[in-house]
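Using the hints, position chain B against chain A.
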Amino acid sequence: MLVMVNGTERTLSDGTTVQELVQSLGAPVDGRGVAVALSGEVVPRSRWPETELFAQAHVEVLIAIQGG
Amino acid sequence: MRSVSDAFQIAGRRFTSRLILGTGGFTNHEILSRALAAAEAELCTVALRRLDPQARGSIIDVLDRAGVEVLPNTAGCYTARDAVITARLAREAFSTDWIKLEVIGDDRTLLPDAVELVAAAEALVDEGFVVLPYTTDDPVLARRLEDVGCAAVMPLGSPIGSGMGICNPYNLSIITERAGVPVVLDAGVGTASDAALALELGCDAVLCATAISRAHDPVAMARSIKLAVEAGALAARAGRIPRRRYSQASTPQEGMPVFDVPGART
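Chains as they are written, first to last, in numbering that gives the first Met the number 0: chain A, 0 to 67; chain B, 0 to 265.
This is chain A alone, in the form it adopts within the complex (with noise of 0.2 Å):
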């Protein structure tokens, strides 16, 4: 399935979860620093596990940088 990642189109298998696409960006595995935003919600860390993406869902996942 057709995924929107941080503005770029990703291919991923279907029920691929938060979790295995946070992980796969590299990210800390504790999610410290780290959000996820799915069609405009927050997607709570605690339920990153269990939420799966959908095709043509805009994903945005950010991380803490320096700034202001």
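Derived from the structure by calculation, the hints contain no laboratory data.
Possibly wrong hints are sitting among the right ones.
[What the hints assert, rightly or not] Over the 10 Å line for every Cβ pair with chain A, so calculated as not near, a few chain B residues:
| no. | residue |
| --- | --- |
| 1 | 12 |
| 2 | 71 |
| 3 | 108 |
| 4 | 112 |
| 5 | 191 |
| 6 | 214 |
| 7 | 215 |
| 8 | 233 |
[As the list claims (entries may be wrong)] Okay, the calculated bits of chain B under chain A, using three or more residues with CB under 8 Å as the criterion:
| no. | region |
| --- | --- |
| 9 | 57-65 |
| 10 | 144-157 |
[Stated by the list, open to error] Part of the chain B face toward chain A, derived, beta carbon under 10 Å:
| no. | residue |
| --- | --- |
| 11 | 51 |
| 12 | 80 |
| 13 | 87 |
| 14 | 263 |
All of these numbers come straight from a predicted model, not from anything done at the bench.
For every residue, glycine included, the Cβ atom is placed at its ideal position computed from N, Cα and C.
Chain B in isolation, oriented as in the chain A frame:
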């Protein structure tokens, strides 16, 4: 007017350091670490951006090692909606209800959008956030932000990164005299004296990024601004003399000898 002492509180959290460090602009994590140590800050800002799989090293690790608390921001947001979503994401990412709320209205000046700012602040307060809004130096807007429940107000001295110092000390004084919540000068500091002036004008603290991170020697400037903030707080407590247009001799006039007497040699 609020009293200025060695410590101050935001939302019941006590801070000894009156310098909040913005982490933007440091060329690498090593310099940031050393600047954090020199600034002796207890709180510093971070932002959220799209994860870059190529990026190396985590800012969170740097901040953990320094023992500072994280104040996430909503930098780059132009609408209340985006700022609210970003704040919710920050709460997840950093496990904190604290948010430095920025809602920008113009990309050239990066000045806050007052209408969107108040709307976002109100929504976030309703969701239980401790909201620290970046605002203009408009005393009425500061009061509106306080009225909707912000835990502090953070007026600018001048635009972000401009280094122009405090362009309207009168407005800033009005804000500090009338605010019922802490006032943190956010944006505009160019060098140490600007930070000292902020405290002298009654601010509780200063948030500073660019003046330190883009200084020729960021670590030295971090220490300089830390000392300036302490000096300013002390000066504010000590109480400055009133300004007057003419001089006032500090040496008494009484007891002056007279030399112009008969027989005196010229």
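Outcome of the hint check:
1. The claim that residue 12/B lies off the interface holds: its Cβ sits roughly 18 Å from the closest Cβ of chain A, which is beyond the 10 Å cut-off.
2. Annotated as non-interface, residue 71/B brings its C-beta within 10 Å of a C-beta of chain A; the closest such distance is 8 Å.
3. No beta-carbon of chain A is positioned within 10 Å of the beta-carbon of residue 108/B; the least distance is around 17 Å.
4. A cut-off of 10 Å between C-beta atoms confirms that residue 112/B is not in contact with chain A; the least separation is 17 Å.
5. With 10 Å as the threshold on Cβ separation, the claim that residue 191/B sits away from chain A holds: the shortest Cβ distance comes to roughly 20 Å.
6. Distance to chain A confirms residue 214/B as a non-interface residue, since its nearest Cβ pair spans about 15 Å, more than 10 Å.
7. Here residue 215/B stays apart from chain A, with its beta-carbon at least about 19 Å from theirs, past the 10 Å limit.
8. Even its closest Cβ contact with chain A, about 27 Å, leaves residue 233/B beyond 10 Å, as expected for a residue assigned away from the interface.
9. Counting residues of the region 57-65 of chain B whose beta-carbon sits less than 8 Å from any beta-carbon of chain A gives 3, enough to reach three: the coverage restraint holds.
10. Evaluation of the coverage hint for the region 144-157 of chain B: breached, as 0 residues show C-beta separations to chain A shorter than 8 Å, against a requirement of three.
11. About 8 Å separates the beta-carbon of residue 51/B from the nearest beta-carbon of chain A, less than 10 Å, and the hint is met.
12. Taking 10 Å as the C-beta cut-off, the interface hint given for residue 80/B holds, the closest approach to chain A being about 9 Å.
13. Proximity of residue 87/B to chain A holds as hinted, the smallest CB-CB distance being about 5 Å (cut-off 10 Å).
14. The restraint placing residue 263/B at the interface with chain A is violated, with a minimum CB-CB distance near 72 Å, outside the 10 Å limit.
Hints 2, 10 and 14 from the list above are not met by this structure, while the remaining hints are.
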